[in-house]
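> Sequences are here, hints too, so could you generate the full structure?
Listed below are the residues making up each chain.
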Amino acid sequence: NAGVTQTPKFQVLKTGQSMTLQCAQDMNHEYMSWYRQDPGMGLRLIHYSVGAGITDQGEVPNGYNVSRSTTEDFPLRLLSAAPSQTSVYFCASSFTGTPLDNEQFFGPGTRLTVL
Amino acid sequence: TQLLEQSPQFLSIQEGENLTVYCNSSSVFSSLQWYRQEPGEGPVLLVTVVTGGEVKKLKRLTFQFGDARKDSSLHITAAQPGDTGLYLCAGARRGSTLGRLYFGRGTQLTVWP
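So the protein lines, in turn, are chains A and B. Counted the way our numbering counts, the first sequence spans residues 33 to 147. Counted the way our numbering counts, the second sequence spans residues 5 to 117.
Hint data in this document are derived by calculation from the structure and do not stem from the laboratory. Be aware that a few hints might be false.
[As the list claims (entries may be wrong)] Residues of chain B placed beyond 10 Å of chain A at every Cβ, according to the derived structure: (1) 12; (2) 18; (3) 46; (4) 63; (5) 70; (6) 82; (7) 89; (8) 99; (9) 115; (10) 117.
[To be verified] Computed from the model, here is a short list of chain A residues facing chain B with C-beta under 10 Å: (11) 46; (12) 47; (13) 61; (14) 62; (15) 75; (16) 77; (17) 82; (18) 84; (19) 96; (20) 124; (21) 131; (22) 138; (23) 140; (24) 143; (25) 144; (26) 146.
Note that the Cβ used here is the ideal one computed from N, Cα and C, for glycine as well.
Quick look at the structure:
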């Protein structure tokens, strides 16, 4: 099993550009989510999904879109990049059963810089 | 406003010392998890506690869930340089979407040889 994979690992954008961060998991997890991590801020939830065709907003959704067409994939789209979106982005997945089942597995992260 | 407050934010200690990290909230959680993150990597689960008052041990790490299920602590005995990392607590809130976790801001631990 590859677990949770993310691409690209690094990306530099200019203000106003758009791009898609890719995330895939091969563990048949129902729940997938995107976080951004900034110094001193911990992990902040951007969007999440409890299954194919179902998505919802987290704490900081503005400027980002998601879709979940398959169980495996959960891409994050930046519509018009801004310097405030410079951050490290993590994708995570988990089962949604009992609390002991919902360990979140994280990808290696995408380090994004917006100039 | 952060649902889970972690303290301290930074901790720098010598090898062999003991330490405790706290994770507090005014909300009740159905479970509480602790993750550790190393530079350039994603967080990795250390433990999940689900019962009020529960204590779990993982070698030199002791995790406790408060009786009221609103707080948790992580105690490390005789810290080693390999314990260095960012420690994050995360809670599953009663009534929230299954799978959704609320993270604290983390405690950056540095253990010097």
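> Against each hint, give a clear statement of whether it holds in the structure.
Hint-by-hint comparison with the structure:
1. 12: Fine: 12 Å to the nearest Cβ keeps residue 12 of chain B off the interface.
2. 18: Non-interface label on residue 18 of chain B holds, nearest chain A Cβ at 24 Å vs cutoff 10 Å.
3. 46: With a cut-off of 10 Å, residue 46 of chain B comes too close to chain A, as the shortest Cβ separation is near 3 Å.
4. 63: Holds: least Cβ distance 19 Å, greater than 10 Å.
5. 70: holds (15 Å)
6. 82: holds (27 Å)
7. 89: holds (14 Å)
8. 99: Nearest chain A Cβ is 14 Å from residue 99 of chain B, so the label holds.
9. 115: holds (20 Å)
10. 117: Given a closest Cβ separation of 25 Å, the condition holds.
11. 46: Since the shortest Cβ distance to chain B is 25 Å, the answer is violated.
12. 47: Given a least distance of 26 Å, the restraint on residue 47 of chain A is violated.
13. 61: holds (8 Å)
14. 62: Result: holds, 7 Å to nearest chain B Cβ.
15. 75: holds (4 Å)
16. 77: Holds: closest Cβ of chain B sits about 7 Å from residue 77 of chain A, inside 10 Å.
17. 82: Holds, because the Cβ-Cβ distance from residue 82 of chain A to chain B comes to roughly 6 Å (cut-off 10 Å).
18. 84: Cβ of residue 84 of chain A sits 14 Å from chain B, so the hint is violated.
19. 96: violated (17 Å)
20. 124: holds (7 Å)
21. 131: Status holds, d = 3 Å.
22. 138: Hint on residue 138 of chain A: holds, closest Cβ of chain B at ~3 Å, below 10 Å.
23. 140: Holds, because the Cβ-Cβ distance from residue 140 of chain A to chain B comes to roughly 6 Å (cut-off 10 Å).
24. 143: OK, holds: residue 143 of chain A within 10 Å of chain B, min 9 Å.
25. 144: violated (14 Å)
26. 146: Not OK, violated: residue 146 of chain A not within 10 Å of chain B, min 20 Å.
Checked against the numbered hints listed earlier, the structure breaks hints 3, 11, 12, 18, 19, 25, 26; every other hint is satisfied.
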